[in-house]
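Novice: Protein chains in written order, with our numbering: chain A, 924 to 1242; chain B, 924 to 1242; chain C, 924 to 1242; chain D, 924 to 1242; chain E, 924 to 1242; chain F, 924 to 1242.
Treat the hints with care, since some could be wrong.
[As the list claims (entries may be wrong)] Derived contacts from chain A toward chain F, CB cut-off under 7 angstroms, selection only:
| id | residue |
| --- | --- |
| 1 | P964 |
| 2 | T966 |
| 3 | I967 |
| 4 | D968 |
| 5 | T970 |
| 6 | I971 |
| 7 | A1021 |
| 8 | A1101 |
| 9 | H1102 |
Honestly, the hints are just simulated from the structure, not real lab data.
By construction, the Cβ of each residue, glycine as well, lies at the ideal position given by its N, Cα and C atoms.
There are 6 protein chains.
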Amino acid sequence: MSKLTVTPRTVFQTFLDFPLVEDLDRLSADVAIIGMPYGTPYTIDETINDQTNAPTAVRRASQRISLGLDRYDFDIGGTLFEGQDVKVVDVGDVPGQASGSTGHYARAEAAIRKIRAAGALPITIGGDHGIPIPIFRALDGEGPITLVQIDAHLDWRDNVNGVKEGYSSPIRRASEMAHIEAIFQLGIRGQGSARMEEVEAARAYGSNIITAGQWQEIGTAALLERIPDGGRYYLTIDADGLDPAVMPAVEGPSPGGVTYRQTIDLIKGLFAKGEVVGVDIVEIAPARDINEITSMTAGNIILNVIGAAVRAGQFKRQN
Amino acid sequence: MSKLTVTPRTVFQTFLDFPLVEDLDRLSADVAIIGMPYGTPYTIDETINDQTNAPTAVRRASQRISLGLDRYDFDIGGTLFEGQDVKVVDVGDVPGQASGSTGHYARAEAAIRKIRAAGALPITIGGDHGIPIPIFRALDGEGPITLVQIDAHLDWRDNVNGVKEGYSSPIRRASEMAHIEAIFQLGIRGQGSARMEEVEAARAYGSNIITAGQWQEIGTAALLERIPDGGRYYLTIDADGLDPAVMPAVEGPSPGGVTYRQTIDLIKGLFAKGEVVGVDIVEIAPARDINEITSMTAGNIILNVIGAAVRAGQFKRQN
Amino acid sequence: MSKLTVTPRTVFQTFLDFPLVEDLDRLSADVAIIGMPYGTPYTIDETINDQTNAPTAVRRASQRISLGLDRYDFDIGGTLFEGQDVKVVDVGDVPGQASGSTGHYARAEAAIRKIRAAGALPITIGGDHGIPIPIFRALDGEGPITLVQIDAHLDWRDNVNGVKEGYSSPIRRASEMAHIEAIFQLGIRGQGSARMEEVEAARAYGSNIITAGQWQEIGTAALLERIPDGGRYYLTIDADGLDPAVMPAVEGPSPGGVTYRQTIDLIKGLFAKGEVVGVDIVEIAPARDINEITSMTAGNIILNVIGAAVRAGQFKRQN
Amino acid sequence: MSKLTVTPRTVFQTFLDFPLVEDLDRLSADVAIIGMPYGTPYTIDETINDQTNAPTAVRRASQRISLGLDRYDFDIGGTLFEGQDVKVVDVGDVPGQASGSTGHYARAEAAIRKIRAAGALPITIGGDHGIPIPIFRALDGEGPITLVQIDAHLDWRDNVNGVKEGYSSPIRRASEMAHIEAIFQLGIRGQGSARMEEVEAARAYGSNIITAGQWQEIGTAALLERIPDGGRYYLTIDADGLDPAVMPAVEGPSPGGVTYRQTIDLIKGLFAKGEVVGVDIVEIAPARDINEITSMTAGNIILNVIGAAVRAGQFKRQN
Amino acid sequence: MSKLTVTPRTVFQTFLDFPLVEDLDRLSADVAIIGMPYGTPYTIDETINDQTNAPTAVRRASQRISLGLDRYDFDIGGTLFEGQDVKVVDVGDVPGQASGSTGHYARAEAAIRKIRAAGALPITIGGDHGIPIPIFRALDGEGPITLVQIDAHLDWRDNVNGVKEGYSSPIRRASEMAHIEAIFQLGIRGQGSARMEEVEAARAYGSNIITAGQWQEIGTAALLERIPDGGRYYLTIDADGLDPAVMPAVEGPSPGGVTYRQTIDLIKGLFAKGEVVGVDIVEIAPARDINEITSMTAGNIILNVIGAAVRAGQFKRQN
Amino acid sequence: MSKLTVTPRTVFQTFLDFPLVEDLDRLSADVAIIGMPYGTPYTIDETINDQTNAPTAVRRASQRISLGLDRYDFDIGGTLFEGQDVKVVDVGDVPGQASGSTGHYARAEAAIRKIRAAGALPITIGGDHGIPIPIFRALDGEGPITLVQIDAHLDWRDNVNGVKEGYSSPIRRASEMAHIEAIFQLGIRGQGSARMEEVEAARAYGSNIITAGQWQEIGTAALLERIPDGGRYYLTIDADGLDPAVMPAVEGPSPGGVTYRQTIDLIKGLFAKGEVVGVDIVEIAPARDINEITSMTAGNIILNVIGAAVRAGQFKRQN
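Extracted from the complex, chain A is given alone in its bound form (with noise of 0.2 angstroms):
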């Protein structure tokens, strides 16, 4: 009886208490979890905005989602790993300044750098829609590859007041990279900041656009054939993508959207086809939250690309 029960013990919260790298140099790993709080701001107001504060958010919703890589998922069908030995890893957050300089965008691209140098699959956790922009930059050793999209929104804009990185204009980076081949972007609807030059911009780049209507009348399946086999593919998911019934906490909620079902089935389908080389999740405000529903969505979701990863057999291809 000389020992007391510490109850309130808290320990670092790690995406599913997967372990902690915190020295990318020396990373052994298949998937890398790593958190970017930080886009670049349109205003000063901006430079720390609700999505920040999302990377913690889904870890600490994390827990409430599986008890133990030993549990039997019925999305998945069968346990995480499914016996394969396969080594998941949280890197962290790429860390911000207070002079407010975005040389967070080179920390961030050159993490993304070293998780690939690596061979590992980078799931990140964003942070705005910003933050995908210097992670495609990091990829442009691995071309040609495959941009999908879930989201609302077009997010073709050249740039906002002059800033040409923000949160409005991620896709139409992407489009200006020569290692990314293809464009498909799944589930807009209702309006962003999209103009009609944008909407004509990404006609003429060639860009695939099926509206959430769409993708609802034609099925995932058809949906999938639409997407070339055997190619590298990137995916970036916007919370706002799917439907705020499944995901409440974003700024810009907009009804009818993508389903979670919808979601998973796509993620399963785009490691059948080929390498996936990278995953986002991106504009979860979780101020909005409730019930933590959108942090815990996204974990799932999380947990699908690793259990497509790992049935897919992408990473003994890699090992």
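Based on these hints, arrange chains B, C, D, E and F on the given structure of chain A.
Specialist: Chains B, C, D, E and F only, in chain A's frame:
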């Protein structure tokens, strides 16, 4: 450097920043957005209900659904006005008075008459479901009209405690008006104020009741076929007609409801059939909302009404 | 004018204002609503959990879903009792005690025995998912019974830290009872407390597991065909079996769940097959609710159970 | 074991569980607690204000301040009734009506007349500060009366937009009544509805204004000396007269206010001087409360009124 | 640039980041902070009450009241340890068990005995006011002790429904212990669980009751003079003893309470008189807090206890 | 009846509806209210802190503390301007920029120089406690100045992580300016960022530190006597200097603080001594507020500043 920025400046909040027109006698517009905060209460405690705040809430939330008229709307399939010369205005709210008289119904009726006299389409934001009654009356010179209602509830009470123009009676009142030719009640489900006698009265009248379950089963296209073409239509939308996952902020949430996509497809279908002489959306209770999703969805529905009207050429006919 | 109105009067809140019967030895009813707030905790901090408040929350919310027995219910297709002489009562809650013994399981079992002895259908509001265990026991003279479960999770643990009758074990316990003939587990998805060994135990037993994805794919009619006709059925509904968009207030929200319509169609289907000997709805966590939607949906489900029982003639058989 | 405990039972909530008397014509009591939810609104949006909920809120909170009449109260210095045969009843609320007429003022006046005719001390829970006006009128046969007010604000407006019996005018109205002999206004501070002309009218009348700062400086004993002994007194307490640290839930919180101890010492002092013919406490806005502290403090003040009346022998005189 | 910052890292939260000591048999410290979350419940619903969360809440809030041991504290008049070699540790919480037995009282008593055996001053964070009972027992070899209580309530019940060690009885239990020599009850006011018989029992015992009003009137210096010098003292602080403006988060807020300055002056005075053998602060209900002010004030009080002990040379005597 | 009332109209919200002046080069006023939302952050997460929202919050709350300039203020003892021809304007907020440079300090300094050049008294609403640093600089031509600070904390750090103009350093920076002659630090208590070395630096400088306890003990009159007459004064008020019961919405609530009455008596005393060249109120964190009490009290303090200035004839001297 002699000018400071006035950060917190807020200007008058009309719906989507459309111009405010306060003098209805000089109205010149294609669409007039109008707020009707006050119904006819059953008890003194209902004089001001949460629905009273809905016009303000929907106008405020409208700022989050559109950044301007040049934005492309993927629900509508283009910019709101599609390049046409369309004029939308906000004419403010019908005032109530401390005396508690329901003189606001007379003012509401007069306002709708002026809007229609000016050739504009009135889009009304309630208020509870009593507020369409004076609107119906104002349309007496425009019959025959087919009334289409999206609602969980029948709203067919003759009176409640002697009050005949409250939120339980709008469709009963409509059924008594000579210029209302036919009634379609869509999305009906669960329990409301209707007893067996109200259901029988509705059936005796010939009301076309399509439950939420039936609509889901047959689809929107088949449903639209049941509504005759070539007429004039009035659409009243009770927020609780939609599913609580889409519009949670209502007094009487009822699971298993109408989806956003069903709603906007119905809207497009009605405008394709003939002239729509008015639309209202009522029974939003902002205090129960989460992340303004109900008010934003209401705003999206209004956008789809305007977009469908533009594409149906309704304003060309009038101008 | 000598009488003042007593505005804040609140009377005892039974479910839907059905009469309260406190003495089960003199029970005479067709349906008995009963609350079971307390499960068997794994830790002292779970002795009182949020689910403990669910019976009160569902009873309170029931006032918002029905204005009286004369109301027409479009989910059910008529008034609740359809003109039949049906008697529904609320028998209150099974009490717990400060001593912390789990004597309430014995009391729960005894209460269900008395309700069944009186020929009534027990509808239980939990509490967590441990509370059906004594209910199952109380039905030992009524086998063979087909157990139907709507749930995200398998609940097939033999024990957790030595505790065998907690919320992770109800189906395992049921599988051990001779009078439980078959088990159908519907809506299963994501991760719960099940490890590979629990999945294998369920399979070895012959449990019929239909995931949420499978149910959506095949439809409710096909699912019902897999359940044999002509038997006796017990239905246990874990609130997290339904989609969080419908029932957000649960400890373990899991996206991609069962819809309200699937649920009520299943209920109608079961009553069409044979006698239903009991229904429970558990795991509602009211503090996480939004606009009481979870509690109201639970109430609607209970209404559909009663309405389906009436229409299946179950009470005629008994009276 | 045949009886279940009915945990969620709630009975009618009177103040401190005192018996409810609904028929004022047969009233036999020493103290009558009465709620007056409705004032005379300046705009339709004030018909129902947050103060309307105060009678219910104070009654509910009263359960947290006393466990029964046998408890010793250290503020009062004994049990509430000190062993005397005292009868306190709750007579419910003065009803309002949907029509919006202010007939409730006539009903309020009639109720107070009946309470006084029965020889009871009326303690009124508002409502806003308009509600004492009919109370004052009902006391016209009991003059001369010294009116004592605790308030941040002067409340001396002749009318606001033509409305003469609203919450800005109670003291002006009192000053016009022949049976009100003198007025003491205590705790006044900051700004209210008073302009220079109202201050001058108060001064011309001879109102004794003691600001919050002055009260703090001179102390309660000295303040009580300024009020003549041996008269009849009516005490009206505006919740914003007290400091927001004590009563935060008011529309017009004003720092630097009256303390709880000053308030109860004043109450004891008034009862020591002569007969108190009525007390009210108004302007509590429950939605702004924190931990029900405002409503609980209001309840404590009411307890001190009753306790002081008992100890002053006021009920002995009457019985 | 190979290391990412791990922003959301949280380490174990001890009070003020003092080191955690889990093995009390090897304790070597001057002060031991200990949490006692569980009392002895009167009903099953009180097994876990809001006070159970207070140790965690106070530890978390402690991070907001001090940036480190090198900070100057103007309440104390220097740094916490004043340059002395003082060792403060946090020993975690006394665990409860699912079985519901109150074995945690035995564990609490044993823990305090070990802390005292190690020569350390125990500062306990409750839990409700039942938790000091085992603490008192653990001090039986250190009498005679003067018990000083700050509280709104007398806590002198012999039992409540047969339960003798609940939160209404700590002072009655203390009065029965031979090693408790004298009792001072400070700040008493309003009503609690005490009936006339409890007040008389307290008086018969010779308890020194000083009401909140008396303390305010005579001042802290005079109050301290009434407590004999040169003894050993135990201080139990019920959070509701302080004014709700200072500690709003309590179950029984009572206006007119003790101020923070009175409290810390009393603490300094006690340490100036003799040895203080233990301090507890109980009855904080974190869910009712605003801006963590209650928990922060509790932390400030603990700092003042340590600071006063240091300045009184109490730890020098022991080391 | 052709005009509808526009209920939700909101116009630009200046403090107390005083006119907005955006061009400081053409400023002609006695008092200029100015907002400074941005300080110099220590980390990127502090770039936008809750204090950034304070100017907007205080302006909005100002509508609840005064109904117009003709109202009598009993704290001030008359109408705000006492019939004098006084001109108060609101000049908006000093803008920040997305680039994150702290150019806003230069803009703040320039703004204050222009305000002083126009002969107006600047009243600044922060922002955190870094924002007075550029204000102090702007007063370099107006020395010698006596700086008076109401604060819980000393704010005397030379730098924090190399940042020299953050919220922990304003008084240290002031001490280094030649035109600051003397410093009075009032209400100091508990712990802040000060270590022994900061306390010693303050003492070495000759700062007059009067703790909250000392102020309470000696009274405001005696405190004012310690501040020399006939000088020029600048008053900086950190909201946490006041008691949390008065201003709960601060990052560092510290019990035992300064009262509202002490604050306004100090303000009156300073204006009685000589010219006050500027006032600021900082560190309000609106998200932590309850019923806007903190923002309203801030507004009341500003009113007392203006009222005291008017009564001291300060504007007559200047005009």
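Novice: Take the hints in turn and mark each one as holding or not.
Specialist: Consistency of the hints with the structure:
Annotation: interface hint on P964 (chain A) holds; nearest CB of chain F at approximately 5 angstroms, less than 7 angstroms. For T966 (chain A), the interface hint holds, the least distance from its beta-carbon to any beta-carbon of chain F being 5 angstroms, beneath 7 angstroms. The interface hint given for I967 (chain A) is met, as the beta carbon of that residue sits about 4 angstroms from the closest beta carbon of chain F, less than 7 angstroms. Among the interface hints, the one on D968 (chain A) holds; its C-beta lies about 6 angstroms from the nearest C-beta in chain F, closer than the 7 angstroms criterion.
This hint holds: T970 (chain A) has a C-beta 4 angstroms from the nearest C-beta of chain F, less than the 7 angstroms allowed. Residue-level restraint check for I971 (chain A) holds (minimum Cβ-Cβ distance to chain F is 5 angstroms; threshold 7 angstroms). The restraint placing A1021 (chain A) at the interface with chain F holds, with a minimum CB-CB distance near 5 angstroms, inside the 7 angstroms limit. At its closest, the beta carbon of A1101 (chain A) sits 29 angstroms from a beta carbon of chain F; the interface hint therefore is violated under the 7 angstroms criterion.
Against a cut-off of 7 angstroms between C-beta atoms, the interface hint on H1102 (chain A) is violated, since the closest Cβ of chain F lies about 29 angstroms away.
Hint violations for this structure: numbers 8 and 9, all remaining hints satisfied.
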